[in-house]
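With the hints as your guide, set chain B onto chain A.
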Amino acid sequence: MKMKISGATNDSASQWLQSLFAKHKARSRRITAAVLLVRMAILVFFVGLWEQAGRSKWIDPLLFSYPSRIVNLIADMVRDGSIWPHVGMTAGETALGFVLGTALGTLIAALLWWFPFVSRVLDPYLVVLNSMPKVALGPIFIVALGPGFMSIVVTTLSVTVIITTLNIYNQFREVEGGFVKVVRLFGASRLQTFRYVIIPASFPVIISTLKVNVGLSWVGVIVGEFLVAKLGLGYLIIYGFQVFNFTLVLSSLVIIALVATVMYQLVAMLERRLTGGRRER
Amino acid sequence: MPEQEKLRLRNVSHVYVNDSGASLAVESLDLTIAQGEFVSLVGPSGCGKTTVLHLIAGLLQPTRGEVNMDGKRVTGPSTAVGYMLQQDYLFPWRSIGDNAAIGLEINGKLNAASRQRVGRLLEELELGGTAQRYPHELSGGMRQRVALARTLATEPDIMLLDEPFSALDMHIKLQLEDLVWSTIRGRGQTAVLVTHDLAEAAAMSDRIIVLGRNPGRIRLDLDVPDSLRAILPMEARRHPAFQPLFEQLWAQLDGDTVDVNGNGEESVEGGIRHEDEN
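Chains as they are written, first to last, in my numbering: chain A, 1 to 281; chain B, 282 to 559.
Because the hints were derived from the structure by calculation, they are not lab data.
Any given hint might turn out to be false.
As the list claims (entries may be wrong) - Computed far set for chain A versus chain B, every beta-carbon distance over 12 Å:
1) Ser28
2) Asp60
3) Trp84
4) Ala91
5) Val128
6) Val135
7) Ile142
8) Val143
9) Gly215
10) Lys230
11) Thr261
12) Val262
To be verified - Now the stretches of chain A that chain B is said to cover, found in silico as 3 or more residues with beta-carbon under 8 Å:
13) 176-183
14) 191-203
Computed from a prediction, not measured in an experiment: that's the story for all the values here.
The C-beta atom is built at its ideal place from N, Cα and C for all residues, glycine as well.
This is chain A alone, in the form it adopts within the complex (with noise of 0.2 Å):
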């Protein structure tokens, strides 16, 4: 039957298909600017309206202030330079929560695995530590590792630690038997069972671990800063509020929004080089 398709038919067989997928092609081309266009639409609008608002008084401009006058205060701090040091602090700060709490979370997590009898004592414990509000211990941290650097480091540790110790963990035990039979029958030890089954198998849920804490690190930093920060854009917040000037806390807060997204980008990126191989799990 095959064989007797003629040159001619198999010809318009594959013009057809081709304008039907160049009419899907066309379409979804449609939707994705009419997505752009909604999009830009609202953010034109709400920051049209806020100005308007704050303009013409319909809000309290000394509590709400209004766009363009964050655009000028953050074009000003950007020109004499004297943002840089609370960006680069906060930045700095957040990652080094993030890395360090994903890293230590993990070898927790690595802890719990190797000793079942100090994961099965300790259940309990991680989980209410688990339910706590972490940053609440922020005032111990500082009586503890006095006020800087340090205690805003361990609060966003506390955390990130946690979270990230029960789901890896988890992660660990959720490895699939089969895999861990097939080195066991090769006479793996456990330390090899490890390294060749368990943390591979577990990468790229350490990866998207370590992007859920990037979002976790900036809650504990801000609150760190709050509590006893000279530097940085938490600090701004509660300087801004201190001395009335809510234009100082909107702009932070925008500040804040930009750097978070860029770092959270720049994680997925990361996430998706180091695991892009594996497009199959």
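Frame of chain A, contents of chain B only:
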């Protein structure tokens, strides 16, 4: 055939113990397998087939009795025994070449020469050119052949086959039976195949052992006619001696399959899995 003893199970019993109780999976099993013999274990699910294989591999220690290989007691897994699982369990993060070489790597025997041997092994199994590719790029049949290469790479004397064809499409399964059979024959390896497929057992083996269920005991120990042993599984399936053998096995199992209730079996299997996860 000169009967040189390769494997011997002496009065082996195995009990799975967990929080829900203790269950006897294998009871007082005596079994001798000669060098170069291809033995199939068949029986209803829950009869302890896989447990027997785990005991031979050294993944489990018998609760009572002992397992000897070449006259020495088996105390743990070793590279002298190759084990093929029901699924391929290829590591998705390793290339095909690295997957096939994992056993060598674990045993510190990976070098230029052994890597080359793995390359030749892949070619022999019609997987030439796939060494740099990743498991998700391969079909199910190809993946199971990589698993075979991985098992053969450490050059084991004994091949344990734990239903390695059951997850495959029919025609791929038949092709792979031929390939595995010729590979094992060509190397003069001793093989133990666990299967619930009676036709597969009849087509591949020299000897078929039927186990009864709960706990596993030998119900029948049957020699396959020479005319079937000498030919490829695919040809054996078409041989006149095949159907009578199949029916003989079927008759043995028929009584069992009637009173099968899936539950008792599940608990034993669950016990096995639980054991492995620790």
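Evaluation of the provided hints:
{"no.": "1", "hint": "Ser28", "result": "holds, 26 Å"}
{"no.": "2", "hint": "Asp60", "result": "holds, 57 Å"}
{"no.": "3", "hint": "Trp84", "result": "holds, 41 Å"}
{"no.": "4", "hint": "Ala91", "result": "holds, 32 Å"}
{"no.": "5", "hint": "Val128", "result": "holds, 25 Å"}
{"no.": "6", "hint": "Val135", "result": "holds, 36 Å"}
{"no.": "7", "hint": "Ile142", "result": "holds, 43 Å"}
{"no.": "8", "hint": "Val143", "result": "holds, 43 Å"}
{"no.": "9", "hint": "Gly215", "result": "holds, 27 Å"}
{"no.": "10", "hint": "Lys230", "result": "holds, 46 Å"}
{"no.": "11", "hint": "Thr261", "result": "holds, 30 Å"}
{"no.": "12", "hint": "Val262", "result": "holds, 29 Å"}
{"no.": "13", "hint": "176-183", "result": "holds (count 8)"}
{"no.": "14", "hint": "191-203", "result": "holds (count 6)"}
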